[in-house]
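Let chain A serve as the given structure and place chain B on it in line with the hints.
Number of protein chains: 2
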Amino acid sequence: MTIAIAHLGPTGTNAETAALAYASWLTKKKGQETLLSPYPSIAQTLRSVVHKKVDLAVVPVENSTEGSVAITLDTLWELDRLQIQQELVLPISHALLSHSKSLSQIKTVYSHPQALAQCQKWLEGFLPSVQLIPTNSTTEAVQQISQDPQAGAIAAPRASKLYDVPILAADINDYPDNCTRFWVMGLTPSTSGNRTSIAFSVPANVPGALVKPLQVFAQRGINLSRIESRPTKRSLGEYLFFLDLEASATETSTQEALAELSPYTEVLKIFGSYDVLPISTL
Amino acid sequence: MTIAIAHLGPTGTNAETAALAYASWLTKKKGQETLLSPYPSIAQTLRSVVHKKVDLAVVPVENSTEGSVAITLDTLWELDRLQIQQELVLPISHALLSHSKSLSQIKTVYSHPQALAQCQKWLEGFLPSVQLIPTNSTTEAVQQISQDPQAGAIAAPRASKLYDVPILAADINDYPDNCTRFWVMGLTPSTSGNRTSIAFSVPANVPGALVKPLQVFAQRGINLSRIESRPTKRSLGEYLFFLDLEASATETSTQEALAELSPYTEVLKIFGSYDVLPISTL
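Going down the list, the sequences are from chains A and B.
Counting in the numbering used here, the first sequence runs from 283 upward without gaps.
Counting in the numbering used here, the second sequence runs from 283 upward without gaps.
This is chain A alone, in the form it adopts within the complex (with noise of 0.2 Å):
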């Protein structure tokens, strides 16, 4: 059976990157065929799962220099019934991509407003007064400035080839370490591996309404490797957190600690435990 996994495209965006890596890999480790489906948005992407037109979903969750991916989490928390199948870490590097032979030429610079502004400090460095146009994806970005000499995009190296326009300048990127975390998501249950993602909403903003929830799990010695709010749109001042605990669902500490927690959430959402996959720059 082929294993048909969906991911924001066109083809060249990092996401697909991601996707292409997972893919190998279940290729090589479990003899399975796949076929990728690129989507127009994170949340089509996501929504592609839950109506059963693939199997799979690779999707970003979070980069290092720029943080969290809104649209990814609010998507998950509306969904409802997505669980993580397994965690990417993709190295990002940025190249300026251009048919200009010299930066001094360059008047305009395409990207998606996330890689624009992961290499911000080295558009401010090396071209201060170009005009930053943002767009969908870091792909359109190249397919926009076309034969036009004045432009220029970021995008991952790989677009250069697939696109056929010259890198000018590799690895802009303000911070050597970029890395952005691509989760896997389905309609399986996950129970097995060393993390696990929850999110939840409190039933009233007082004093100390988040500190009980994280009490029992620093009780316990279960450490946090995430704490994300984000709103719950009803109204000013009122959150969601989504949580990463460095722990499986099978422990059974982890289960005592979820337990515990229920009476202090109104509505608290498991999205399943799930390994880390370090994914080498391909």
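Treat the hints as calculated values from the structure; they're not laboratory data.
Be aware that one or more of the hints could be misleading.
[Said to hold, decoys possible] DSSO-like, lysine-lysine: derived pairs with alpha carbons at most 30 Å apart: (1) B/Lys334 <-> B/Lys312; (2) A/Lys334 <-> B/Lys335; (3) A/Lys403 <-> B/Lys334; (4) B/Lys334 <-> B/Lys310; (5) B/Lys494 <-> A/Lys494; (6) A/Lys335 <-> B/Lys389; (7) B/Lys403 <-> B/Lys383; (8) A/Lys403 <-> B/Lys551; (9) B/Lys311 <-> B/Lys335; (10) A/Lys335 <-> B/Lys403; (11) B/Lys334 <-> B/Lys551; (12) B/Lys403 <-> B/Lys389; (13) A/Lys551 <-> A/Lys334; (14) B/Lys403 <-> A/Lys551; (15) A/Lys312 <-> A/Lys335; (16) A/Lys443 <-> A/Lys311; (17) A/Lys389 <-> B/Lys403; (18) A/Lys551 <-> B/Lys494; (19) B/Lys335 <-> A/Lys389; (20) B/Lys312 <-> B/Lys389; (21) A/Lys403 <-> B/Lys335; (22) A/Lys494 <-> B/Lys551; (23) B/Lys335 <-> B/Lys312; (24) A/Lys551 <-> A/Lys335; (25) A/Lys389 <-> B/Lys389; (26) A/Lys334 <-> B/Lys389.
[As the list claims (entries may be wrong)] Rough simulated footprint, nothing fancy, chain A against chain B, three-plus residues with beta-carbon under 8 Å: (27) 439-445; (28) 503-516.
Here a beta-carbon is modelled for each residue, glycine too, at the ideal position from N, C-alpha and C.
Relative to the frame of chain A, chain B by itself:
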């Protein structure tokens, strides 16, 4: 003396609306003359205060639907010296501006990514197959559509008059209570006001690293109205925390809590105490 106030421009942005409201409040309340200065980015808006080109900067901090404005928090952490003089809460209503006579003619919608995100359900419902094009500000979106009857721009109703483009659909934000918090930043130390905002990094990612700091406030009955994490950008899994406290730095219990907090943090920054000024739609 005229007070110069920086904001994200060009004219017609929600940041300008907030700055105008604050300026008119300063004039009414304190007889103060003011002058508004638009800047092309939030980072440049904030830096203009540190470089003493202006006296104050009005910047968005958090939206009730889309959450924190990452670039504002990151720039405040980096610049180090700015203090919150005042908080403004502005109701945000989005409209679809277009020269078209009906929704069925619209092929493309331009707007700032935050505005596109705040209207995504409306867009999926009423314009499911249009192309969404991100811009640097809602005003830039209105400028982009010029005379194209097949394009629309999501912007403030105010931009309709300023740029002479009709409103095709009003109040298209997905959540009716859509509000944005703005901070007025300056170099004057802020000590009075019933809210206090701080940010800190923690020495190591160990179980309970965040529990201790939160307990310091919970034990004294000090409510946190917000907790937000941002990556340190050094490596994946290292965070800064931004906290808003419902307390004044002039109260003894707040001073005690901040003193007790210090050893649990690596770097602790106090952005001052301030009051909240709600703004009715202008």
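Now the hints, each set against the structure:
no.	hint	result
1	B/Lys334 <-> B/Lys312	22 Å, holds
2	A/Lys334 <-> B/Lys335	56 Å, violated
3	A/Lys403 <-> B/Lys334	21 Å, holds
4	B/Lys334 <-> B/Lys310	25 Å, holds
5	B/Lys494 <-> A/Lys494	12 Å, holds
6	A/Lys335 <-> B/Lys389	26 Å, holds
7	B/Lys403 <-> B/Lys383	22 Å, holds
8	A/Lys403 <-> B/Lys551	23 Å, holds
9	B/Lys311 <-> B/Lys335	24 Å, holds
10	A/Lys335 <-> B/Lys403	21 Å, holds
11	B/Lys334 <-> B/Lys551	21 Å, holds
12	B/Lys403 <-> B/Lys389	17 Å, holds
13	A/Lys551 <-> A/Lys334	21 Å, holds
14	B/Lys403 <-> A/Lys551	23 Å, holds
15	A/Lys312 <-> A/Lys335	22 Å, holds
16	A/Lys443 <-> A/Lys311	28 Å, holds
17	A/Lys389 <-> B/Lys403	35 Å, violated
18	A/Lys551 <-> B/Lys494	25 Å, holds
19	B/Lys335 <-> A/Lys389	26 Å, holds
20	B/Lys312 <-> B/Lys389	48 Å, violated
21	A/Lys403 <-> B/Lys335	21 Å, holds
22	A/Lys494 <-> B/Lys551	25 Å, holds
23	B/Lys335 <-> B/Lys312	22 Å, holds
24	A/Lys551 <-> A/Lys335	24 Å, holds
25	A/Lys389 <-> B/Lys389	28 Å, holds
26	A/Lys334 <-> B/Lys389	29 Å, holds
27	439-445	violated (count 0)
28	503-516	holds (count 13)
Of the hints listed earlier, those the structure fails to meet are numbers 2, 17, 20 and 27, in rising order.
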